[in-house]
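Letter by letter, the chains look like this.
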Amino acid sequence: MITLSINNINVEVPEGTTVLEAAKKVGINIPTLCHFEGKKPLGACRVCLVEIEGGRALAASCSTPATNGMKVFTNTKRARLARKTVVELLLSEHNGECKTCDRNNDCELQNLAFQMGIEDIRLKGEVAKPHIDKSTPALVRDNGKCIKCRRCVTVCNEVQAVGALFPQGRGFSSMISPAFMSDLDTVACVQCGQCAAVCPVGAISEKNHIDDVWEALDDPTKMVIVQTAPAIRAALGECFDYEPGTLVTGKMVTALKQLGFDKVFDTNFTADLTIIEEGTELLMRLKDKIVNGKKVALPQFTSCSPGWINFVEYFYPEYTDNLSTCKSPQQMFGALAKTYYAEMLCKDIDEIVVVSVMPCTAKKFECQREEMNASGIQDVDYVLTTRELAKMIKQAGIDFTSLPDSKMDSPLGLSSGAADIFANTGGVMEAAIRTVYEIVTGRELPLENLHVEPLMGLEGVKTASLKIEGTLPDWSFLEGVGLKVAVAHGLSNARKLFSSIENGEEYHFVEVMTCPGGCIGGGGQPRFTDDTVRQKRLAAIYAEDEGKEIRKSHENPDIKRLYERYLGKPLGETSHHLLHTHYKKKEIFK
Amino acid sequence: MSLEKCPECSKEPTEDELLAQFEEILDGYVEKPGGLIPALQTAQKLFGYLPKRVLQLISMKLDIPYSEVTGVVSFYSFFTTVPKGKYMVRVCLGTACYVRGGKDVLASLEKELEIGVGGTTPDGLFSIDVGRCFGACGLAPVIMVNDETHQRVKPEKVKEIIDFYRDIEMTIIKEKAG
Chain A
21 MITLSINNIN VEVPEGTTVL EAAKKVGINI PTLCHFEGKK PLGACRVCLV EIEGGRALAA
81 SCSTPATNGM KVFTNTKRAR LARKTVVELL LSEHNGECKT CDRNNDCELQ NLAFQMGIED
141 IRLKGEVAKP HIDKSTPALV RDNGKCIKCR RCVTVCNEVQ AVGALFPQGR GFSSMISPAF
201 MSDLDTVACV QCGQCAAVCP VGAISEKNHI DDVWEALDDP TKMVIVQTAP AIRAALGECF
261 DYEPGTLVTG KMVTALKQLG FDKVFDTNFT ADLTIIEEGT ELLMRLKDKI VNGKKVALPQ
321 FTSCSPGWIN FVEYFYPEYT DNLSTCKSPQ QMFGALAKTY YAEMLCKDID EIVVVSVMPC
381 TAKKFECQRE EMNASGIQDV DYVLTTRELA KMIKQAGIDF TSLPDSKMDS PLGLSSGAAD
441 IFANTGGVME AAIRTVYEIV TGRELPLENL HVEPLMGLEG VKTASLKIEG TLPDWSFLEG
501 VGLKVAVAHG LSNARKLFSS IENGEEYHFV EVMTCPGGCI GGGGQPRFTD DTVRQKRLAA
561 IYAEDEGKEI RKSHENPDIK RLYERYLGKP LGETSHHLLH THYKKKEIFK
Chain B
2 MSLEKCPECS KEPTEDELLA QFEEILDGYV EKPGGLIPAL QTAQKLFGYL PKRVLQLISM
62 KLDIPYSEVT GVVSFYSFFT TVPKGKYMVR VCLGTACYVR GGKDVLASLE KELEIGVGGT
122 TPDGLFSIDV GRCFGACGLA PVIMVNDETH QRVKPEKVKE IIDFYRDIEM TIIKEKAG
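Listed in order, the protein sequences are those of chains A and B.
Numbering-wise, my numbering comes out as the position in the first sequence, counting from 1, plus 20.
Numbering-wise, my numbering comes out as the position in the second sequence, counting from 1, plus 1.
It is worth saying that the hints were derived from the structure and are not from the lab.
This list has only true hints and no planted wrong ones.
Listed next, the in silico EDC-like pairs over lysine to aspartate or glutamate satisfying Cα-Cα at most 20 Å (straight line):
#, chain 1, residue 1, chain 2, residue 2
1, A, 59, B, 69
2, A, 168, A, 126
3, B, 62, A, 522
4, B, 175, B, 124
5, A, 516, B, 32
6, A, 606, B, 64
7, A, 315, A, 341
8, B, 62, A, 338
9, A, 97, A, 73
10, B, 53, A, 203
11, A, 277, A, 231
12, B, 62, A, 607
13, A, 104, A, 140
14, A, 168, B, 69
15, B, 53, A, 205
16, A, 610, B, 69
17, A, 309, A, 525
18, B, 155, B, 130
19, A, 516, B, 64
20, B, 53, A, 607
21, A, 610, B, 64
22, A, 605, B, 64
23, A, 242, A, 282
24, A, 60, B, 69
What follows is a set of in silico ranges between Cβ atoms, one per label pair, in the way DEER data are often shown:
#, chain 1, residue 1, chain 2, residue 2, range
25, A, 596, B, 83, 44 to 54 Å
26, B, 133, A, 234, 52 to 62 Å
27, A, 96, B, 77, 34 to 44 Å
28, B, 34, A, 493, 49 to 59 Å
29, A, 32, B, 77, 36 to 46 Å
30, A, 134, B, 35, 37 to 47 Å
31, A, 314, B, 77, 52 to 62 Å
32, B, 61, A, 314, 29 to 39 Å
33, A, 525, B, 35, 24 to 34 Å
34, B, 35, A, 59, 16 to 26 Å
35, B, 133, A, 341, 53 to 63 Å
36, B, 96, A, 479, 55 to 65 Å
Here are a few chain B residues that sit away from chain A, every Cβ distance over 10 Å (derived from the structure):
#, residue
37, 63
38, 89
39, 108
40, 113
All values reported here derive from a predicted model rather than from experimental measurement.
Even glycine gets a Cβ: it sits at the ideal position worked out from N, Cα and C.
In isolation and in its complexed conformation, chain B is listed as follows (with noise of 0.2 Å):
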């Protein structure tokens, strides 16, 4: 769902070139019933997250009460008005994770990148979020950065590994200034 990148430039397509798109797909949800919340995933998908334009142009292309589209957006914890970071850091704290330390794993991590659960770092490279079991109970405590897993991480390897993704960016952005 997401928009080929310029060849020429390629550059990363901007919001409104994106909203212009969104808005040809969001023709296909109207008047179908519960076309809302498949309207809301795609959106997700195609921003990173749900920008208050967005669901203003949703609310009124599906004739939905505005109140009643960020109803659902606050109601379901899949959707996220706020950016997210490029590096989407989930610490689980399910029932394994969490007695074999995945809040300490969470507290390094909330240290290491200066900011809480939710929040997403200045440079937009990162963001925290915690999850209630990923299906790897033996390898805990667990942590994906976006499809990723770490296991068994302990606090102090929590900087490697951020680290890791650190230098992806940087190598990116050398090889940019050629």
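Isolated chain A, as found in the complex (with noise of 0.2 Å):
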């Protein structure tokens, strides 16, 4: 252990620690804007300045390792007044006006300057120039705002391993970019938009859909439908002041109601039936490998995480037929909406909108899929990320935090707290194991709290083994099998998992959701810096299934009514035909 004092106060911290984490420890917090945590500093910003007792100049203390006996001062007159340049520096070149910007209230770079007291540009000079890429459908690109922080490059290289942005060129003129300064739909971009969450400024952020969603809600003649993704009930809150992790699902009914959708429904909704289909179709491959001796595509992949599903057909296109062929919750959702929902109501389908709520942005993407338009038109016309229906229901001026709660619309409103965890890595692994295990053996799965608790909490890759015994008749040829599954985050965390399966490595279940914590933690969600806020939501999504009556996907009653009434069987026509898809490889250099 190292011992030092900052602003004289002691604080021990073990060894490797940078004097920016050791001042955090006693409270003080020293303002950066390039720090990522757990990753290796950059000292990109300078903004992190402090006095050093002995240095020669000032230190940034992002990078500066703690040692013995070191004083640090954070608050001298010089720390300050250069850690004030720096901030004007920055500003004198950034090309963006606060008023109208994306991140007007929401921008690190404004809240340093405002909190450094900067009320004038001293420093006049040439202003980066702007570079609008709106070439996704998920992303905006702006370089007239970007200062250069390089946590883009952090996420998009080292937690995701996709490596489409990096910096070009040098100097005043250089650009955060993908190669040779492109777009990014010239480039393998998976359009998972953690580039846009780590973002302290404007320069990255989703492509806006809220005036095509009140476009919709204006018109008469159209009835506007929306779903909600299973994490945004733990994050919605953080928009309107409340701690991370407090579950705010039955304003956010409420709120949404406010706004004019004419039926709330809920995406946990397809998230059971996703487990139905996707449960269903592992047994299938495992019963075609064993008892037929088919060659079958083992692991089976999860399919629920479109930024994953980008991913494969980029980089591993030779494991796409892997990949579980259910198309995610919101597509499933979207497909049902414009036919099972729309002829119970016998309205045409032009008449119908549905809207999506994500905490994603690459769920933007995923809507506009050719392949999505099991309806005969596109299934999800609009995708809102969190971030985006709070500022809506701002707009709206409805009071969030004194709404009273109300419940999600009937038939596709109904779910199982297996739908809930979704949202966490882990969760649709165990979701599915829920279902699996019960239907293989009749009986409940016999874990505490009907938890795999290997396969929660932030680990990068985790892996569980369960052992099936005293199956049914039907599925004896499982006796004695060990379950093998994984489960990974982030997709460099996929990457490794990648490689251990190329090593022999057996697996007959696999669950990849693109971003760091799951969909909790995903390019949509209101931004945070700090890992606890993602334990937080985890916690909160486990206690909304803990909440819950119906606990496992197949004993969802509308679920059963869906089938009953539509669908048939699983895996069966219907369900091919609306509630799956196929992949495609996609080529890397464009």
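Join the two chains into one complex using the hints; note that each chain is given alone, in its own frame.
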């Protein structure tokens, strides 16, 4: 351990701790714009300058390791002035107008300028050239606003292992962008939006669908229905100053009704449906392999996360057959809304507008995939991120915190606890195991609280093995089989999992969620820079699950009714047409 | 590092032939930490510039994202992604050459070749680049054509220098024609 003093407060920290981290331990927040929790410091923004006794110059606290006996002063006149000047320099080349910026009131640079009392742009000079890239369905980039902190580079390369973004060129004219300053649609970008989630300013954001949704809501000839993903309810509250991890399901439903949506439904409903289809698909693959001796692609990969689908199509195309053919819950919902539900109401599909609220930017891409029109037209029309929904609620003047609770509408609104946990890394796998185990043995999963403990939490790659015993006659071929499963979140962890598979590790079922922590940490969620927020959201989702009367997807009565009245059986003809899809290899170089 | 010319037809190797050769060379850089810049240098020497498909090959083989490869290429002014002329004309704009009229020499050169700095003539013969001191300040202003230095260049002498290389090329063409 190392002892140092910060502003004359002694603190003990483990070796390797930076001055910035040590200061945080004693309640001193040193401002920074480039720091990325858990990753090697870059010292790119220079905002975190502090004075160290005996030091020749001020030091960037994010990249200065704490040493024994070090005396750090964060609040001297020299340090304050230097930090202020650095922020003034950043502002001097920043080409953005706060009042009309997407990040107004949610911008780290703006916050710092305010905190530091910068009331005038003293330094005038050349400003960064605007270069707006709207080429993809999910993201918008504006280099004029970029402060070159490189957080997006870190997340894209180290966390997601995609490598779409990197600094191009040199000096003032350099740009953080795809190869040769090209647009995002020319490179292998999976559209996960983690870059937009970590950007401290307005340089990368989701493509805004708010105006389209207002237009649909204002059109009296349209019936506008909305579905909300499992992860929204554990994060939306943060946009209204609730503590991270506060569940706001009931208020969210009320707010959506007040916004004018004709029906408020739940993506959780189709999450339950996904479990039935995907679980059955897994059992069929196992049967084909073990009983029929067929060559089948195993392990089966989950297919709920559109960034992950893109990732496989770009970087591991030889594994596309391993992906479950199930569409994601968002797309299953869209297909059912414009067929099953439309027929129920005797509505023309052109009269129905389906809006999703998703924690995700890649969902904006997914809904525009050419395969996603089982109803005959685009099944899901618009996708709002959690952040966009919060903006709409504010635009409508709704006082969110004082709203009463409401319930989701029927028949696409009822869901089990298994559907809730789709939001968490490990959740889809756990939900599938709850159902598959019971189908095969006729007994409830014999685990405490129905949780598969080794698959919970933020470990990058998690594995579990479950011995199947006492099978029903139909499934006797699985007697004594150890079902091996693996879970990864964050695409760099997916790469690790791929290499273990390529080194001979055998699994039956693999869950991958694109974003760290799963959907609760999605690219469209309220922004944060600290892992504790992920932990709190995970806990909230498990609490939602445990509070449900129905905990298993196959026990959802509205799902049973859907099969009786419309779909027939899992993997049946109607299911195949509406709920399943296919994948294709994509070229990395376009 | 350049390919031997075929003794029978004495043709320049095509880019495809060079690519096949480069792929073999590249194997030596796989899984070598810090292999990217040496690989790029080798490629530039071989091709004369860095074609996109060569950069994509480097990205794939060395398992480095394409954006990072191009990021490195665009950072260092030594690397170029546009083909350079057979004769690289570099005008020194270091302090001594600058004060003794290097800029006028450059302007005259641009006029004579009808291209700007970084450009290449349509016949692929000449490219213009600027340098910051060639270490020959006593001879200012200086220009270099490939490895040959021309000293105390006056703007009106530029045409004469260029014509010297044009003549060499004419001779080669005539010889080939028999």
